[in-house]
Structures are given as structure tokens and as C-alpha cells.
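Asks: First to last, the protein sequences are chains A and B. Take any residue in the first sequence, count from 1 to its spot, add 49: that is its number in the working numbering. Take any residue in the second sequence, count from 1 to its spot, add 409: that is its number in the working numbering.
No wet-lab data here; the hints were simulated from the structure. For clarity, every value in this text was computed on a predicted model and none was experimentally measured. Using N, Cα and C, we set each Cβ at its ideal position, and we do this for glycine too. Possibly wrong hints are sitting among the right ones.
[As the list claims (entries may be wrong)] Here are the simulated distance ranges between beta carbons:
| hint | chain 1 | residue 1 | chain 2 | residue 2 | range |
| --- | --- | --- | --- | --- | --- |
| 1 | A | Pro82 | B | Ser582 | 32 to 40 Å |
| 2 | B | Glu446 | A | Ala160 | 17 to 25 Å |
| 3 | A | Gly60 | B | Lys720 | 42 to 50 Å |
[Claimed, not checked] Computed cross-link-like contacts, DSS-like style, restricted to lysine-lysine with a CA-CA straight-line distance of at most 30 Å:
| hint | chain 1 | residue 1 | chain 2 | residue 2 |
| --- | --- | --- | --- | --- |
| 4 | A | Lys163 | B | Lys576 |
| 5 | B | Lys576 | B | Lys564 |
| 6 | A | Lys163 | B | Lys564 |
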Amino acid sequence: MVALSEFAPIGAMLLLAIVVGLLLLFISRILGPNKPTERKSAPYESGMKPIGPGTRRLPVRFYLIAVLFILFDIEVIFFLPWAVVFRKLGLFALVEMFIFIIILLVGYFYAWRKGALEWE
Amino acid sequence: MSEFDTLASYLSVAPEIGLTILLLIVLAFSVARREVERAAVPYIAGFGMIALAALPLIFAPGDANSTIPEGLYWGGMIRYDVLAQVFRVMILLAGGITALMASGVRGVGRRGEFYIVIIVATLGMSLMSASADLVMVFVALETTSIPLYILAAFKRDDTRSAESGIKYFLFGSFASAIMLYGLSLLYGFTGQTNIYQLAAFMGSDAFANNLVPVLASMVLVVVGFGFKVSAVPFHFWTPDVYEGAPTPVTGYVSVASKAASFALLVRFFVAVYPETLALSGESLQNFWIQLMAVFAVLSMTLGNVLALSQKNIKRLLAYSSIAQAGYTLIGVAAIQSQELSIASVGFYMFMYTFTNLAAFTVVILFSEATGSETIADLAGLNRRSPWLALAMTIALLSLAGIPPTAGFFGKFFVFNAAVRSGLTWLAVVGVLNAIVALYYYLVVIKVMYVDRSEDEDKPIPVGRQYVWVLWATSLIVIVLGTVGAQTVYDWAARGAMGLFT
Numbered sequence: 050m051v052a053l054s055e056f057a058p059i060g061a062m063l064l065l066a067i068v069v070g071l072l073l074l075f076i077s078r079i080l081g082p083n084k085p086t087e088r089k090s091a092p093y094e095s096g097m098k099p100i101g102p103g104t105r106r107l108p109v110r111f112y113l114i115a116v117l118f119i120l121f122d123i124e125v126i127f128f129l130p131w132a133v134v135f136r137k138l139g140l141f142a143l144v145e146m147f148i149f150i151i152i153l154l155v156g157y158f159y160a161w162r163k164g165a166l167e168w169e
Numbered sequence: 410m411s412e413f414d415t416l417a418s419y420l421s422v423a424p425e426i427g428l429t430i431l432l433l434i435v436l437a438f439s440v441a442r443r444e445v446e447r448a449a450v451p452y453i454a455g456f457g458m459i460a461l462a463a464l465p466l467i468f469a470p471g472d473a474n475s476t477i478p479e480g481l482y483w484g485g486m487i488r489y490d491v492l493a494q495v496f497r498v499m500i501l502l503a504g505g506i507t508a509l510m511a512s513g514v515r516g517v518g519r520r521g522e523f524y525i526v527i528i529v530a531t532l533g534m535s536l537m538s539a540s541a542d543l544v545m546v547f548v549a550l551e552t553t554s555i556p557l558y559i560l561a562a563f564k565r566d567d568t569r570s571a572e573s574g575i576k577y578f579l580f581g582s583f584a585s586a587i588m589l590y591g592l593s594l595l596y597g598f599t600g601q602t603n604i605y606q607l608a609a610f611m612g613s614d615a616f617a618n619n620l621v622p623v624l625a626s627m628v629l630v631v632v633g634f635g636f637k638v639s640a641v642p643f644h645f646w647t648p649d650v651y652e653g654a655p656t657p658v659t660g661y662v663s664v665a666s667k668a669a670s671f672a673l674l675v676r677f678f679v680a681v682y683p684e685t686l687a688l689s690g691e692s693l694q695n696f697w698i699q700l701m702a703v704f705a706v707l708s709m710t711l712g713n714v715l716a717l718s719q720k721n722i723k724r725l726l727a728y729s730s731i732a733q734a735g736y737t738l739i740g741v742a743a744i745q746s747q748e749l750s751i752a753s754v755g756f757y758m759f760m761y762t763f764t765n766l767a768a769f770t771v772v773i774l775f776s777e778a779t780g781s782e783t784i785a786d787l788a789g790l791n792r793r794s795p796w797l798a799l800a801m802t803i804a805l806l807s808l809a810g811i812p813p814t815a816g817f818f819g820k821f822f823v824f825n826a827a828v829r830s831g832l833t834w835l836a837v838v839g840v841l842n843a844i845v846a847l848y849y850y851l852v853v854i855k856v857m858y859v860d861r862s863e864d865e866d867k868p869i870p871v872g873r874q875y876v877w878v879l880w881a882t883s884l885i886v887i888v889l890g891t892v893g894a895q896t897v898y899d900w901a902a903r904g905a906m907g908l909f910t
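Build the full structure now, drawing on both the sequences and the hints.
Replies: Here is the structure:
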């Protein structure tokens, strides 16, 4: 049995979200004083005067480490359930896992050759 | 699915398995030590994907006694049928051609990652055209979308490309979220995720005719699809993304992503909101027919009218692609003519894929040689490189729908389906729009052939791979517009029939 009333909380939440969103916009627009100056409307950069363009390149080393972490984290997470049911699935599971590891190895090889493992 | 047929299951995703292997090969080659091996990457990716397009044809879906009977595989995740076959072939060919197109482009052509990401996107689209489960639908959509965001922003030091990528990402993730909400509503109502079981449950007495929530789910899903096929009013991202993205990516997004989305769209709506499903005495199909008809009219009209004033060839093709999505939506709206409708959508996408790729190949060659994407700079192209001008003319005539090019039959089948399903007014709007569109396509042709420029003695250099691409796409467009139209249409019609059984 599916009754529409079961979805009432979702509907209520949707309505609430819309109302609160609009209210916040309007209240600040009505109550807040609005005196823009050049300083105020400049892009915020830790309270300093903005220097240089906004699209500078950032070093992405930590990002690389994060991506590599995901690569091997997934491997480990996938290994655990595989080890639990390994006896039941037999050869099929072994082959599947080897395919999975080969795919990961190619990715690892790629990251290695691209120099992602070197800090400097 | 009574038992797990291992061989048929693997063969039903043969293109995806092939793409994964190709991906690993390309990945390894892109970091090869020798320069000559790295330079081979575009060709391996391109010809690899073109070769993989044969897989759906070799392992064709057949009747119950064949190796791979038509039906659901992988626990209902994949439905392997002729429609999936048609769209997989065109998507794989589009992916391969895009890889070849990109090989000579500065900033992207020499980077192996570009081809890797294209292969992943192609994989997602190939899955999209066959997915039969809400979970698979969303996973396939995201497997397609995320690589496309990356591709749009691929020229790292070009601010326009970055803008294009960010815009695409923001709009795209928003549309995905809305669509996901619609899908989760459907799951909430029925407790089912297979799209072929949803309708039966929603039509049962247990569901007690809850028309409004089902309509809400339909509208949310339509938003997601509307974004993917860039139909008005979900088209805002299109011109900016198309203009800023590297040109091969623009070509790829405009054809393959659109084709895969249309494949999923017709499969999804025919299965989830079929003609037989009526809630509170209202047929749900009528609702989405009206939605599609309105989107079709808006997309055609807005796309064509805004294209009239464009100065940049990529923006012109962007608005033209919005209009083309509108024509295709006529085919979707004509669903009451059954297989005529879906066959016309399949044929339209098939011919549009090759037509647009040809047009974008010429744009790539021209902008690589001159650094310009302005229509006025195409002046004298006929005297500079007559073959390029001819290829562009064929592509533009096909987009406009002039015989003997494929576009004529594309529009003919779509309008035919509309008239057969009692939507004559929609066909009339389509024809009127085709006349408006003819103007801006012919202006480009006029600039190429009549206008003079000072650089007429400097021919545009055309690499070997581009010669192949242009010959292949132009020939396909001409063949589809003459002798091949019936064959492809019949093929798509067979695919369409599979949806109704």
C-alpha cells in the first residue's frame, strides 16, 4: 500500500526549504543597511588588498596524494568482502580479482610514470 | 532472467569491455618512453573505438534461440536490444571520429589524457543507451557527464575553456541532482528500480491512483533529460559551453552526448510512463507528449531565431544544435505512431552525428590554421581549400535538411511520424522553423563561396587523418540521404519495435 500521506514530510520539508531560503534573502534585503564602497565590494582576500588575478595556478600535490589514496583505498575495501566469500565463489572470484588488480596496476604505472609519486 | 547466462551476459556488454581494454592500452601508451609511441595514442584511441563499433553488429541481439537473446542482463541492469545496438554503433563511431579530430589540435591533441577521458565518456554513453535500471541510468549518466566536464575545461591556460568547464559542471550537477530526485521518487513509490517493472506497479490498485506525485517525478526526470539534450528551457549552458570548450569536445558533446540521452529518454519514457498507464483516469503518456511538444516548439524556435544573429561559427552551431534537439523532440512527441516515432528519432540522431562531426572538423581545421572562429573570416574558403568548403557545404545542407543529404530524410521521417500521430501542427511548426534555419546555414555557405578575402592564396593545411574523417563523414551523410536511408531507418524501426514488446 502506498499512500500519498507517507510523502507528506518530504513535501513539508520542500516547502520549508523554499520558504526559509526566500525569507533569508528578503529579510536581509529589507533590514540590512546597504552602503557599498569600493573597498567593500572588492573580492575578499583575507582582509588584504586583493593582489594579482583570481585564477592563479595552485600546487596540486595534496590533491594527487588524495587521488592515489582513493586508488588504493578502494582496492583494500574491495579485497575485504572478496576474501570473505572467496571460498564460495572459487576460481571465478580469483579471475575477477586479478582483472581488477591489473586495472589498478595500469593506473599505478601511469601515476608512477607521470611523476605523481615524487614530492618535488 | 531465469538463470545467469555467463557468455550472453558478457557479450551484452562487449563494447564496454572493449572500451575498458582500449582504455588500459591507451593509458599505457600515453606514458610510453618513446615519442613515436606517445604520438600513436590518438590513432589507437580513434581507430580502436571505430573498430569497437563493429562489436554490437557482430554480437547482434536476436531471438530467444540465438547466442544473445534480446532482453535484460546483469540482474536487469542492462537491456540488450536493437535500439541499444543502433545507438552504441553511432556513439562508438562518434567517439572514434572525435579522437581523430582532436589529434591535430593545439593544447589537446598531444596529451594522452584527453583520449583517456574521451574513452571513459564513450563508455558511459554506451551504457546509457542500454541501461534498464534506475541505478544504472544514474551511474551511466554520471560516467558520461563527469568526463565531459573535464573535457570542456581541458585547455588549462585558456580562461574561456575554464569558464566553459565550470558552467557545464554547475548546470550539469544541478540537473543531475534534480533528475536523481525524480528517480528517487519513483523508487519511493514502487520499491522497484528496474524501469520495466515501475509501470506495472504504478498502474496497480495498491498504488491507488496517485497522479500528482507521479507527475512530479516525471517533471523532475524531464528536467534532467532536457538539460542533457539541451532543449529549451534547459539550454542556457549550451552556447557558452560550446564556444569555450576545445572544438573537438564541442563536436563530441553536441552529437554523442545528445544521441545517448535521446536513446535513454525514449527507453525511459516508453517503459516508465507507457500508454497503458492511466492514473485517476488520465493517461500519463498524454502529459509527456504535451511536455515534449512544447519543448520541441520552444527549442526549434528559440534555437533558430537566436542562431540568426551569431557571428561565431561555434556559437552558431550551438544554437543550431538546440534547434536540432527540437526537431528530434518532435519525433519523441509523436510517440503515438509507435515505432515510426522512435525510428525517426534513431535515424535523426544517426545522421545528425555524422553531419555535425563533419561541420566541426572543418571548424577545427579552419581555426587551427587561422586562429579565428568568426563566420566572416570564412570568406573565400572556396578559393583557399575547395574540398573543405565542399565538405562544410554538405554538412550545412544536411543540417538544413536539403536533399540529397541525410538531413532531408531525418526531417522527413520526424515530420512523417508527427503527422501520423495526429500532431500535424507540430510538423507545420517544424517546417516553418526549417525555413528560418535555412537562412543562417546558407549565409555561411555564401560567405565561403561568394565573399572575397586577402588570404585566398593560402590554402588551409589538412592532415591525413582529417582527410579520412571528412571523406568518411561526408560520404555517410550523402549515402544516408540517398540509397542508405531505408536501411538505417528499417534498422532503427526494428529497434523501436523492441521497446513496445
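Asks: What's the verdict on Lys576/B and Lys564/B, does the C-alpha distance respect the 30 Å limit or exceed it?
Replies: Roughly 15 Å separates the two Cα atoms, so the pair holds.
Asks: Assuming the hint says 17 to 25 Å, is it satisfied by the Cβ distance from Glu446/B to Ala160/A or not?
Replies: 18 Å, holds
Asks: With respect to the beta-carbon atoms only, verify the hint that Gly60/A and Lys720/B lie 42 to 50 Å apart.
Replies: Roughly 48 Å apart at Cβ, these two residues keep to the hinted range, so it holds.
Asks: Range hint 32 to 40 Å: satisfied by the CB atoms of Pro82/A and Ser582/B?
Replies: For Pro82/A and Ser582/B the Cβ distance comes to about 35 Å; the hint holds.
Asks: For Lys163/A and Lys564/B, compute the direct alpha-carbon distance and say whether it is at most 30 Å.
Replies: 19 Å, holds
Asks: Given the proposed pairing of Lys163/A with Lys576/B, does the C-alpha separation stay at or below 30 Å?
Replies: It holds: about 29 Å lies between the C-alpha atoms, which stays within 30 Å.
In this structure, every one of the numbered hints holds.
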